[in-house]
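Asker: Respectively, the protein sequence lines represent chains A and B.
Residue 1 is where the first sequence starts when you use the numbering used here, and the numbers rise one by one after that.
Residue 1 is where the second sequence starts when you use the numbering used here, and the numbers rise one by one after that.
These aren't lab readings, by the way, just hints derived from the structure by calculation.
Glycine is no exception: its CB is placed at the ideal position from the N, C-alpha and C atoms.
Honestly, I wouldn't trust all of these hints.
[Unchecked claim] Calculated from the model, a selection of chain A residues having no Cβ within reach of chain B, i.e. all distances over 12 Å:
hint, residue
1, S59
2, K320
3, T441
[Said to hold, decoys possible] Listed below are the simulated DSSO-like cross-link pairs for lysine-lysine, each with C-alpha atoms no more than 30 Å apart in a straight line:
hint, chain 1, residue 1, chain 2, residue 2
4, B, K98, A, K627
5, A, K648, B, K102
6, A, K295, A, K38
7, B, K102, A, K658
8, B, K246, A, K648
9, B, K142, A, K486
10, A, K627, B, K102
11, B, K98, A, K658
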Amino acid sequence: MSDAADVSAFLTDGDRSLHILFGSQSGNSEDLAAKIGKKSATYGLEATIHDMDGFDLASLSGMSRVLIVCSTWGEGEQPDNAEDLWQAANSEGAPNLDKTHFSVCALGDTSYEFFCESGKQWDTRFAELGGTRLVDRVDCDVDYEPPAAVWMDSALSHMAAVDGTGAFQSAMVEPIATAIASGGGVGQQTKAAPPSATASAPSVDAGELQEIMEGDRDLHILFGSQSGNAEGLCALIAKKAADYGLVGHVHDMDGFDLASMSGMKRILIACSTWGEGEQPDNAEALYQAATGAGKILTNTHFSVCALGDTSYEFFCQSGKEWDQVLETMGGTRISDRVDCDVDYDSPAATWMAEALSRIACVDDSGTFNDELVEQMAQFAAGDSASGASGDVATVSMPEIQLEASVFRYDADTGQSGMDTWACTIPGHYSIMDLLRSLKATQDGSLTFRDGAENDPTTGVCVNGRLVLPGMTRLCDLVRDKGSGAKLRIEPIAAYDVIRDLVVDYSSYDNLRANSKPWFVGGHREGSYVGKVVIGSMDAVVATELHASNEIASPQLLHAASDSVPYNRSYIGPAMITHLWNRSCDPRISDKSRTAIIECLAATNGIKAETDFASIHRQGNFGANAAKSMLDAKTAVLSHDGYNGRHGKHVWWYTWSIKSSGKVNETTLYRTVLGPMGLLSNALSGVSARMIGGFTRTGRPMFNELLGMVAPPAGIGKMPKQFNSPVANHHEVVSIFNEMDGRF
Amino acid sequence: MPLRYAYHPGNVAHSNAMEVADTMPLAAESLGIELVELEGATSCGAGIIRQANADLQVALNARTLAQAEALGLDIITPCATTAATLHEDLTALRNDSKLMAKTNAVLERNCELSLTGEVNVHHLLHVIVDEVGIEKLAQAVKNPFGFNIAGYYGPNMQQEGACGGDDVFDPDYLERVISAMGGTPVEWSSRTHSVGVPGIFSEENTVLKQTAAVLADAKTEGAELVVSACNLSHMLMDVYQGKAGKVSGEATKVPVIHLTELLAFGFGHYVDRLAQLRTRVMIIGD
Numbered sequence: 001m002s003d004a005a006d007v008s009a010f011l012t013d014g015d016r017s018l019h020i021l022f023g024s025q026s027g028n029s030e031d032l033a034a035k036i037g038k039k040s041a042t043y044g045l046e047a048t049i050h051d052m053d054g055f056d057l058a059s060l061s062g063m064s065r066v067l068i069v070c071s072t073w074g075e076g077e078q079p080d081n082a083e084d085l086w087q088a089a090n091s092e093g094a095p096n097l098d099k100t101h102f103s104v105c106a107l108g109d110t111s112y113e114f115f116c117e118s119g120k121q122w123d124t125r126f127a128e129l130g131g132t133r134l135v136d137r138v139d140c141d142v143d144y145e146p147p148a149a150v151w152m153d154s155a156l157s158h159m160a161a162v163d164g165t166g167a168f169q170s171a172m173v174e175p176i177a178t179a180i181a182s183g184g185g186v187g188q189q190t191k192a193a194p195p196s197a198t199a200s201a202p203s204v205d206a207g208e209l210q211e212i213m214e215g216d217r218d219l220h221i222l223f224g225s226q227s228g229n230a231e232g233l234c235a236l237i238a239k240k241a242a243d244y245g246l247v248g249h250v251h252d253m254d255g256f257d258l259a260s261m262s263g264m265k266r267i268l269i270a271c272s273t274w275g276e277g278e279q280p281d282n283a284e285a286l287y288q289a290a291t292g293a294g295k296i297l298t299n300t301h302f303s304v305c306a307l308g309d310t311s312y313e314f315f316c317q318s319g320k321e322w323d324q325v326l327e328t329m330g331g332t333r334i335s336d337r338v339d340c341d342v343d344y345d346s347p348a349a350t351w352m353a354e355a356l357s358r359i360a361c362v363d364d365s366g367t368f369n370d371e372l373v374e375q376m377a378q379f380a381a382g383d384s385a386s387g388a389s390g391d392v393a394t395v396s397m398p399e400i401q402l403e404a405s406v407f408r409y410d411a412d413t414g415q416s417g418m419d420t421w422a423c424t425i426p427g428h429y430s431i432m433d434l435l436r437s438l439k440a441t442q443d444g445s446l447t448f449r450d451g452a453e454n455d456p457t458t459g460v461c462v463n464g465r466l467v468l469p470g471m472t473r474l475c476d477l478v479r480d481k482g483s484g485a486k487l488r489i490e491p492i493a494a495y496d497v498i499r500d501l502v503v504d505y506s507s508y509d510n511l512r513a514n515s516k517p518w519f520v521g522g523h524r525e526g527s528y529v530g531k532v533v534i535g536s537m538d539a540v541v542a543t544e545l546h547a548s549n550e551i552a553s554p555q556l557l558h559a560a561s562d563s564v565p566y567n568r569s570y571i572g573p574a575m576i577t578h579l580w581n582r583s584c585d586p587r588i589s590d591k592s593r594t595a596i597i598e599c600l601a602a603t604n605g606i607k608a609e610t611d612f613a614s615i616h617r618q619g620n621f622g623a624n625a626a627k628s629m630l631d632a633k634t635a636v637l638s639h640d641g642y643n644g645r646h647g648k649h650v651w652w653y654t655w656s657i658k659s660s661g662k663v664n665e666t667t668l669y670r671t672v673l674g675p676m677g678l679l680s681n682a683l684s685g686v687s688a689r690m691i692g693g694f695t696r697t698g699r700p701m702f703n704e705l706l707g708m709v710a711p712p713a714g715i716g717k718m719p720k721q722f723n724s725p726v727a728n729h730h731e732v733v734s735i736f737n738e739m740d741g742r743f
Numbered sequence: 001m002p003l004r005y006a007y008h009p010g011n012v013a014h015s016n017a018m019e020v021a022d023t024m025p026l027a028a029e030s031l032g033i034e035l036v037e038l039e040g041a042t043s044c045g046a047g048i049i050r051q052a053n054a055d056l057q058v059a060l061n062a063r064t065l066a067q068a069e070a071l072g073l074d075i076i077t078p079c080a081t082t083a084a085t086l087h088e089d090l091t092a093l094r095n096d097s098k099l100m101a102k103t104n105a106v107l108e109r110n111c112e113l114s115l116t117g118e119v120n121v122h123h124l125l126h127v128i129v130d131e132v133g134i135e136k137l138a139q140a141v142k143n144p145f146g147f148n149i150a151g152y153y154g155p156n157m158q159q160e161g162a163c164g165g166d167d168v169f170d171p172d173y174l175e176r177v178i179s180a181m182g183g184t185p186v187e188w189s190s191r192t193h194s195v196g197v198p199g200i201f202s203e204e205n206t207v208l209k210q211t212a213a214v215l216a217d218a219k220t221e222g223a224e225l226v227v228s229a230c231n232l233s234h235m236l237m238d239v240y241q242g243k244a245g246k247v248s249g250e251a252t253k254v255p256v257i258h259l260t261e262l263l264a265f266g267f268g269h270y271v272d273r274l275a276q277l278r279t280r281v282m283i284i285g286d
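Pulled out of the complex, with its shape left as it was, chain A reads as follows:
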């Protein structure tokens, strides 16, 4: 039983389930489990990935193939999500695993004493419970990917050699490994082999598509993206490409080697348009290079999806330019360009289906076979319908019970309130899934922005957290809350509510338009790339710029500021981050940089933000934005010479710390507020409350008596005019003198 047909038959016979358990603290084990799950399809295995948290230990006894990926935490401890299962596995009720074949990948860090301890413990315990170890455990250090990849191939070959009845057939290990190495196997047949070998597309004539499915099947997908939409679309195209027997490769236009295009037979481009018809930041250099590249695409077929906004004059201009320039370069348009408005999902999906059907019919020689397009579309549809396109294994989570309260608002009646439903729902479902389910089963009038999981306009606020609902799992929000979990889903606060969870983004759009964050390039040094000269940029700077511009949803970031709802002229954190990143871009002109700093320094710019803390706490995107905003404010205050209230506040606060080590509020009040500010506070009762200690219970008896009456109270304690210095104050002065001689 060693020829390809026998291997194929073996890999499709009987139970082919594989269970992958992950114990993860930082996410590495979960990621690795997902990779194993994805690759397992090639071995004819049907993987289910289980979070150890909530996993039913008893179910192990019925599983014939189990892989464990587990990290180690602290001093050899199990990760948080594995702790309960580990306790259960060591209890008297632990199941017998004599029908279970297993192997363990242990993740750890050799700088710790108990390296990979958790994985070692699972390995030992499974054997103690009667399990059969098919492949020796691998212990991986911080750079875990290479050893884990070796282990994964071996483990999957062995797991695949467990037959449909649960018996391990050692003689099959080698043939399976060989078949996979030579490009065979079940999953690859499903994805890229001729239809004759594909059980999921029986209606397709195998013979006719057979020829074009052979040889080079690479599809190159380039994105020019500003907000991430085009990038997300390209990722989706790459995933769908497998249904057409294509191997998708997604490329960021930034840093892309133009010369390499000449060897590509199939190119799809998704490109957004920025500002007044400009290329996105990451596309600018490549586009400039492409315009002078000459006819290097004579053996290339292409199509373009242009993303834009009809409210701008130069709608989809960048995509149109790419469509034109690719043709000028000698490329053959395989499918007409589509120009998509803000709500791009539907037209982009239609374009994608057509473009993929056609470009998949470009054969190994680069010849387009028009007559096969319809069959290719059927093939892909059959493949999709069978579920084979879902090449990412599902991470199953236990069902959770929760109480979901959703904000409701009806503009017609002006009524608002919260509707509450008790739900039992799988933990891996997203907030978007929950909302869709409520709308479908409970109240059809429930209104929210539906869309792709990374659609930046779908943001909502869940228990105070700003989230994109399609990208947020329920189990991550209600962790540790048990059966009493509550979700409070509200519209994001910075915008006017139109209905229920739908808000009006026009205020943000207006602020953005008025801020003019357009890219205006300046002259700079260039380098020869292939036959053309393009502007060059330091790799570190480019990486930092790219990372800081990675904002999943500017609309959501705008709402992260607690100041925005109370100062509608404030341009907000998203715009400030964007402007600041622009000013740090070495490609922009000096004039543009000056204009940006002036915009940031305006009264509705960075100074209007009252507290970075509310932004900083909103996860990574908030922390990154807060850092950019801090840098922007430092630059603006320095630009203003620390004058004005903002500058004086920072200056004198810092000065007072040097003077004593402590804050001196009296100094701040006097120097920052000035006479008019102090008078305002005196007249409004602030000074009286401050001096008297209104609700506060100061020490002097006089103050206590005064506290018995309603405000404003009388004379009480006074802030110290001069602070006593902290111990070893000379050290503080010395640090100041070394690090900042301005104070």
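Following the hints, put chain B in place on chain A, whose structure we already have.
Answerer: For chain B alone, coordinates are given in the frame of chain A:
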């Protein structure tokens, strides 16, 4: 075995909020927490110094952290801003070996101190729930509060890794403390919202509206008293509450006290001040 911590009083306990300096030691004593004064500790910078020079703030805070490390103790503070700022700078130092080396060089030259990063920073609230325990807290209560109390966290310490075992966005530690102290916790959504403290001198109009919104939300949900885990925010909610009400047109008048006061009064310290507070709860309002 008492819990021992290096005590950082925060930014305003020495001046505008002396009641914190009065009540923190007594509250700690009743909870079995031993405070070791960090006499050389400076202000954490409250996110203000770094607007002039980020590395300078890190160095000053590294000095404070190194002092605690030298004592072999973690830091405790009743000031949410100090807890969060020290934690943020400590995390930056731990995650950036170059910054750690550069900062240690400054410390060694100027203070003969060095930092390893093993020290941790805790807000009093998190020590109570995570270390002392709610049961022990409840046992120490002699004068239970009979009010509807809104617990205010502010945004500073509600950061990932800076709020103990509490939830960053949906916290309940203050509510658990309020219940144990005999009060009825109020459910309100503004408890982690910023009142805009850093902007009070420069963006007063916006800040007063933010402050008014928080106070009005607490009152709307039935609060008779607000207890603040953030000493700086307390200043706005207290001394600026009248002006905030005038600017916003919202109902803002409600007594606001510090967490340390709630604890000390409940534990039987300053019974005169508790009596005063009860009177204020009865008479203050819109």
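Asker: Could you run down the list of hints and mark each one as holding or not?
Answerer: Each hint, compared with the structure:
For A/S59, the non-interface assignment is confirmed: its Cβ lies about 30 Å from the closest Cβ of chain B, beyond the 12 Å cut-off. With a minimum CB-CB distance of about 43 Å to chain B, A/K320 clears the 12 Å threshold, and the non-interface call stands. Residue-level check passed: A/T441 sits 26 Å from the nearest beta carbon of chain B, beyond 12 Å. Our distance criterion of 30 Å between C-alpha atoms is met by B/K98 and A/K627, whose separation comes to about 18 Å.
Among the hinted pairs, A/K648 with B/K102 is consistent with the structure: their alpha-carbon atoms are about 29 Å apart, no more than 30 Å. Taking the CA atoms of A/K295 and A/K38, the gap is near 40 Å; set against the 30 Å cutoff, the hint is violated. Annotation: proposed proximity of B/K102 to A/K658 holds, straight-line Cα distance about 20 Å (limit 30 Å). Proposed proximity of B/K246 and A/K648 is supported: the alpha carbons are some 26 Å apart, at most 30 Å.
Distance restraint check for B/K142 and A/K486: the Cα-Cα separation of roughly 33 Å exceeds the 30 Å cut-off, and the hinted pair is therefore not satisfied. Distance restraint check for A/K627 and B/K102: the Cα-Cα separation of roughly 20 Å lies within the 30 Å cut-off, and the hinted pair is therefore satisfied. For the hint pairing B/K98 with A/K658, the CA-to-CA distance comes to about 25 Å; that is within 30 Å, so the pair holds.
Comparing the model with each earlier hint shows violations of hints 6 and 9; every other hint is respected.
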